[in-house]
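Enquirer: Here the protein sequences come in this chain order: A and B. Here the first sequence stands for residues 247 to 585, numbered as in the working numbering. Here the second sequence stands for residues 2 to 342, numbered as in the working numbering.
Simulated from the structure, these hints should not be mistaken for lab results. Here the structure is a predicted model, which is why all the values come from computation and not from measurement. No false leads were mixed into what you were given.
Going by beta-carbon spacing under 8 Å, a handful of chain A positions derived as facing chain B:
1. Leu342
2. Ile405
3. Met410
4. Val435
5. Ile562
Using N, Cα and C, we set each Cβ at its ideal position, and we do this for glycine too.
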Amino acid sequence: MRIGTAVALSVDRRAATVTVLIWVLVLALVVFTLGTGPQGSWPAAVISHLRGVEGDAAAGFVLERLRGPRVIVAVGVGVALGLAGALFQTVTRNPLGSPDVIGLGAGAGAGVALATLWWPGQVPAMMGAVLGAGAAALLVHQATGRGFSSPARVIVTGIAVSAMAHAITQYVVAVGLRDSAHQLAAYLVGSLGTRTFQDAGLIGASLLVLAPLVLLLSHRLTLMDLGDDLADSLGVGAVRVRTAAIILAVLLAAVAVAVAGPIAFVALTAPHIARRLTRRPGANLAASATLGALIVVSADLLVQQLSVLDGLPVGIVTAGLGGVYLGYLLIHEWRKASA
Amino acid sequence: MPPSPGSAHRRWSASARIILIHLLALMVLALVCAASIAYGSRPAPLGEVWEALHGSGEEHLQAVVDARIPRTVLGSVVGAALALSGVLIQALTRNPLAEPGLLGITMGASASMVTVVAVAGPVSGVAAAWTAVPGAVLAVLVVQLIGARARAGSVVPLILAGAVVSAVLGAYVQAMILLRPDTFDSYRHWVVGSLAGARPETLGDLAPMLLLGALLAVLLVSGLNTLALGEGVAVSLGVRVGWLRLGTVTAVTLLAAAATAAIGPVAFVGLAVPHLVRGIVGSDVRLQATVSVPVGAALLVASDVVARVILRPEELMVGMLTAFIGAPMLLLAVRRGKVRL
Chain A
247 MRIGTAVALS
257 VDRRAATVTV
267 LIWVLVLALV
277 VFTLGTGPQG
287 SWPAAVISHL
297 RGVEGDAAAG
307 FVLERLRGPR
317 VIVAVGVGVA
327 LGLAGALFQT
337 VTRNPLGSPD
347 VIGLGAGAGA
357 GVALATLWWP
367 GQVPAMMGAV
377 LGAGAAALLV
387 HQATGRGFSS
397 PARVIVTGIA
407 VSAMAHAITQ
417 YVVAVGLRDS
427 AHQLAAYLVG
437 SLGTRTFQDA
447 GLIGASLLVL
457 APLVLLLSHR
467 LTLMDLGDDL
477 ADSLGVGAVR
487 VRTAAIILAV
497 LLAAVAVAVA
507 GPIAFVALTA
517 PHIARRLTRR
527 PGANLAASAT
537 LGALIVVSAD
547 LLVQQLSVLD
557 GLPVGIVTAG
567 LGGVYLGYLL
577 IHEWRKASA
Chain B
2 MPPSPGSAHR
12 RWSASARIIL
22 IHLLALMVLA
32 LVCAASIAYG
42 SRPAPLGEVW
52 EALHGSGEEH
62 LQAVVDARIP
72 RTVLGSVVGA
82 ALALSGVLIQ
92 ALTRNPLAEP
102 GLLGITMGAS
112 ASMVTVVAVA
122 GPVSGVAAAW
132 TAVPGAVLAV
142 LVVQLIGARA
152 RAGSVVPLIL
162 AGAVVSAVLG
172 AYVQAMILLR
182 PDTFDSYRHW
192 VVGSLAGARP
202 ETLGDLAPML
212 LLGALLAVLL
222 VSGLNTLALG
232 EGVAVSLGVR
242 VGWLRLGTVT
252 AVTLLAAAAT
262 AAIGPVAFVG
272 LAVPHLVRGI
282 VGSDVRLQAT
292 VSVPVGAALL
302 VASDVVARVI
312 LRPEELMVGM
322 LTAFIGAPML
332 LLAVRRGKVR
342 L
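Bound-form chain A, shown alone:
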């Protein structure tokens, strides 16, 4: 697909099919999320409500206040995290170099926490998140000594930076905001409870701005896969593309954290699963984004519907499942590498 000279997308048929299929699945889950549960309104009611047919007031309340914004935020956050992970993993050439490992999520969380502690109501959470994520990325970049080019260093320094960021957030929870400690404890691990249409608007607007930029970059990212030198010789400018991609990834991760808190392991696993499904190396931006949405929406559905998990923040589910998947992946990859 080619739009002028700026945008050229190589559309792989398998990748396209996978992406479309996952989108369908996401939509189905969204309708299901809206329509089930003790105060559910069945899919027919949901659809008629969405088409503007006046249903009963209770269903309208559930849709517009309780589940509607929440599910939109879930999709948006998933897309943002999936894109951020795909960008980061591509430019660091490190399948584990995702926002989670690098401490972006934790940094953004700490930024939000500090912003609410120091300037409550004056500095928007978004700003704190961007500053925190940026600081974490910068710290990792500096501490590795070689930018983001050494995967091993990125991983180890990222772990240290996240530990410090977590300490900051814990500090805010323990000291500053004792009254709302329970709510903040949920926010710490990423929660979608009590989201409003304002949150949905924030994540939607940010994606509207950021996603086209990612699209503009995607062609150059594909060339980066050939290696810095070759990319440079093709006129791509590896360093500039890398910087741009990292800035975009930081912004995407920060938006997601600002709305929902650091939801763990989505940015890391979505691109992995995307690579497996599309059987294509490289960024797989569209597939990663949809998979991110699928992961967050299904995790949120689990939290809402499984009574064992009732009332838990969604990040706990993604941390648990994502962690197990990551462990499996590590064993698998390393066995392959050592064989």
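Given the coordinates of chain A, work out where chain B should sit on it, guided by the hints.
Expert: Structure of chain B alone, referenced to chain A:
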């Protein structure tokens, strides 16, 4: 250095240096402990503290000082245990980043305690200490299982496996605490380690585990010293590497689990102290072990003092401060290229 005739003299001065280092470390520990008793969220003039210690001070201050003594002692013991376990595991894996916190051991112990409390209600006494062990063992096994598949010679797989295990277990602990806020209100320290509310009895309950761990450490440390020369050399010198490995992992698990059972998960003390000590005494594992005991104790108690003083009259959790002291050490170690990654 030119060859000098007085090699006996040099040996003497070397051992004098070692004694001096130990004395210095103990002095630092004593000073820090004194500070820990004197300073806290409530400031107290030193003279009155001294009177209170002799049982002749004001009643209120007497109570404050009395509460600070078990806190200081427990802090020293936990710091020493974490530092010693860090030295042991770093020597065994020959990996300068190995640390019970980074390897998921402390979070495993924490998850174990939380599970038992959730199922059986609050536990106390010696049993409470041992409930930390199964989780710690499980974490060690899983991290080994994941990390051991990787190519040899890199420290990243173990660290990454530890981070993954810690993240999953941390989420589990958070979940339990959020699900049962009433049960866990007084146990928030199982998310981040804290010395607030330290009780003197805890020490007695933990003593068997700590002593067992320390005893194993004493038995194993010279074998670990030989292992530093390389596994082939160690085997040819008669070190039974299999037993050494098993014993060391057991000692590390016991020490870290006891520390976690006492005050909750505290990361980076086991990383920072061996780094610091190695810089002073060099590569001898025996010296590292003996020096890191007082240094670890001093570091944790000092962190706790800062945690109490920095935001008077509020108190911070000591685990947050150790993250801010230890994590930069990790960054520096990577930045300076001291770690083979």
